[in-house]
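Undergrad: Single-letter residue listing:
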Amino acid sequence: MSEAFSGPVAGHVPVLRLGDVLMVTLQGDLHDSTAQQLQQDLAETITHSGATGVIIDISGVEIVDSFLGRVLAEIAAQASLLAARTVVVGMRPAVAITLVELGLTLPGLRTALSTEVAMDLLTQGAPRVGVRRESP
Amino acid sequence: MPEHTAEETHGSPTHEVRDFLRRRREQIAQRWADEPLFRSVFTVSRDEAVEAGKAVVDALAEVADAGRVDDPDAAGFSGVREQLARMGVARGRAGLTAAQVSSELATLRQPVENLLLSDIGEAPAEHVRACATTLTVLMGTLRVVVMQTALSEGEALIDRQRLQLLEVATPVIKLWDGIVAVPLIGTLDSARSQVVMETLLQSIVEQQARFAILDITGVPTVDTLVAQHLMKTVAAARLMGAECIVSGIRPAIAQTIVHLGLDLGTVITRAGLADALKYALHQLGADIVGPTANGTGHR
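Here the protein sequences come in this chain order: A and B.
Everything in the first sequence is counted per our numbering, starting at 1 for the first residue and increasing by one.
Everything in the second sequence is counted per our numbering, starting at 1001 for the first residue and increasing by one.
Extracted from the complex, chain A is given alone in its bound form (with noise of 0.2 Å):
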């Protein structure tokens, strides 16, 4: 992509901030320079807001490349570092099997179905989330 697109437009995704987890939505097409930006605000904003953990909703994103797989791979390292933990929520069918076909299983990866599961993933600190707490 040229310097032309890079406009003001491409520059941050918004780091929203729900108690002590981190959340963030992407959307459509993720340029490059805009995933490798989040990743560093997202490293600030852990440091700064002492955050326990962090969400990545990817359900609006239709293409996952290798980079993008790597960008967040990469995002969970060093959130772990931080002690927070990484949640890639909402990855669509299609782009599982493309990331499988691509060998990118990313092994280091938290991941759930919906924010909601996600949330009471990282709030609750057990996998074990009670989906049937309603039972008696």
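Hints listed in this document are in silico derivations from the structure and should not be mistaken for laboratory results.
Just so you know, nobody snuck in bad clues.
With the C-beta cut set under 10 Å, the calculated list includes, among others, these residues of chain A facing chain B: (1) Ala94; (2) Ile97; (3) Leu99; (4) Leu104; (5) Leu109; (6) Arg110.
Bear in mind the structure is a predicted one, so any value in this text is a computation, not a measurement.
Ideal Cβ placement from N, Cα and C applies to all residues, glycine included.
Position chain B relative to chain A; hints supplied.
TA: This is chain B only, laid out in the frame that chain A set:
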């Protein structure tokens, strides 16, 4: 200049044949309707056979008009292709081999040739021969077209059935809230495992399933390829946030896997579907307990 005059009156063999076909359309169709090929395909009425014969004659005349008597892809055939395919398929269903159908088609040539010879018998011998050759080539092309369409019909049928088989063989079953299962049956090849993966991942999204059980009780053998497919499916499901459990590993298959040195260490495995379901329920926080004395069991 006798030869030249002959050319003038009779035109080129192709056009002669075209004119003959148009002129004798009715008679040719009538004669074809008596041939075994038309008789056996159009059993309802003779008129139907005659109509079909006329359509074929028209197509032949059109092809001759375009001067492409030896081209099975000629535009003239497109109108009757479906009808010809129907004839070919009908004869095939009746138990005839391709060669038998082909020879039945060959018998269509004789009546037409007889008509042609009686029509232009008084023309110079050389011209008659040229016309007869053209007609023979044209009929030969017709045979090729029929065989081609019949074969492609068969291929289309096989393709359709292959797709149906893929769909039939991979149902995704919801076992519980948040638990889906795929009973795999038969040999797993790349195409099938791709379909399994896609349908499974799709249903994980639709059902918001946290657990997916791959039951391989119906898979006769597990080799490195099948294991690789399983690992891929498990990895893809994990990327989406669901946990995959492989169940139904029979003792013999467990041995094979160990002998092959396959590492399924990253995959949760259980002996039977029931065990896998039990595990998944336990992970979801729901346990199966027997009914208590007063009949108010937990589940």
